[in-house]
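2 protein chains.
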Amino acid sequence: MNDTLQSLRSRLDEIDSQLLALLSERFRVTHEVGMQKRNLNMPAQDIARERLQFNRIEKRADELGLDADLMYRMWRLIIDEVIKNHESLRQEHKV
Amino acid sequence: MNDTLQSLRSRLDEIDSQLLALLSERFRVTHEVGMQKRNLNMPAQDIARERLQFNRIEKRADELGLDADLMYRMWRLIIDEVIKNHESLRQEHKV
Numbered sequence: 096m097n098d099t100l101q102s103l104r105s106r107l108d109e110i111d112s113q114l115l116a117l118l119s120e121r122f123r124v125t126h127e128v129g130m131q132k133r134n135l136n137m138p139a140q141d142i143a144r145e146r147l148q149f150n151r152i153e154k155r156a157d158e159l160g161l162d163a164d165l166m167y168r169m170w171r172l173i174i175d176e177v178i179k180n181h182e183s184l185r186q187e188h189k190v
Numbered sequence: 096m097n098d099t100l101q102s103l104r105s106r107l108d109e110i111d112s113q114l115l116a117l118l119s120e121r122f123r124v125t126h127e128v129g130m131q132k133r134n135l136n137m138p139a140q141d142i143a144r145e146r147l148q149f150n151r152i153e154k155r156a157d158e159l160g161l162d163a164d165l166m167y168r169m170w171r172l173i174i175d176e177v178i179k180n181h182e183s184l185r186q187e188h189k190v
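Residue numbers (my numbering), protein chains in the order written: chain R, 96 to 190; chain F, 96 to 190.
Keep in mind that the hints were calculated from the coordinates and are not lab data. Where is the CB? At the ideal position from N, CA and C, for every residue including glycine. Any given hint might turn out to be false.
To be verified - Partial pick of chain R residues on the chain F-facing surface, computed with a CB cut under 7 Å: (1) Thr-99; (2) Ser-105; (3) Leu-107; (4) Ile-110; (5) Val-124; (6) Glu-127; (7) Arg-133; (8) Leu-165; (9) Glu-176; (10) Ile-178.
So that you can see chain R by itself, here it is in the shape it has in the complex (with noise of 0.2 Å):
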């Protein structure tokens, strides 16, 4: 390995410590929408907000030259932990 591939395996080491905070962001964001969304009586899931979401990400992918169905696969992921985590609030709500 050369000092090239090195330096460029630490950017990458980087790189994943800030997607990594952004997304422990992510998730204390929409613990908050969870509780807004218990509070208000809505449901876990919305359908149009996600078809808002995934436009956007798609649009925002193909400008930056992104794989949009990757994106799809890595937001659909984020998405469904934080639909679990909603119902999972409400369940709470309940007892």
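Add chain F to chain R, keeping to what the hints say.
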């Protein structure tokens, strides 16, 4: 929908834009990695490096209160795409 929910959703859209920008930079860097690997005749996949990456991600996920299994699934998608791209670069080199 109330103002708080609207404001939380705007914050999520901002975070998603930041995530997409970072992912775009990540794929630019891995393209450089692929070029280096091609020039050094290194294989597209590096199991030892992957193991280090996943250990690091799992550790950071725990520190940040993120679901480590979800992070594994997200990075598995990213890294599988990177390996595919590296293999394409090697194939181009052979032509």
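Was the hint right that R:Ser-105 lines chain F, CB cutoff 7 Å?
violated, 10 Å
Would the stated hint for R:Glu-127 survive a check requiring a Cβ distance to chain F of less than 7 Å?
holds, 5 Å
Interface hint for R:Leu-165, Cβ within 7 Å of any Cβ on chain F:
It holds, given that the least Cβ distance between R:Leu-165 and chain F is near 6 Å, below 7 Å.
For the hint on R:Val-124, just tell me whether its beta-carbon gets within less than 7 Å of chain F.
It holds, given that the least Cβ distance between R:Val-124 and chain F is near 5 Å, below 7 Å.
Given R:Ile-178 as an interface hint, is its Cβ closer than 7 Å to any Cβ of chain F?
violated, 13 Å
If you take the shortest Cβ to Cβ gap from R:Leu-107 to chain F, is it below 7 Å?
Result: holds, 6 Å to nearest chain F Cβ.
Go through the hint on R:Thr-99 and say holds or violated, using the shortest Cβ distance to chain F against 7 Å.
At 6 Å from the nearest chain F Cβ, R:Thr-99 passes the 7 Å test, so the hint holds.
Using Cβ atoms only, decide whether R:Glu-176 comes closer than 7 Å to chain F, and label the hint accordingly.
With Cβ-Cβ at 5 Å, under 7 Å, it holds.
Classify the hint on R:Ile-110 as holds or violated, based on whether any CB of chain F lies nearer than 7 Å to its CB.
holds, 5 Å
Let's test the interface hint: is any C-beta of chain F closer than 7 Å to that of R:Arg-133?
violated, 11 Å
The structure shown violates the earlier hints numbered 2, 7, 10.
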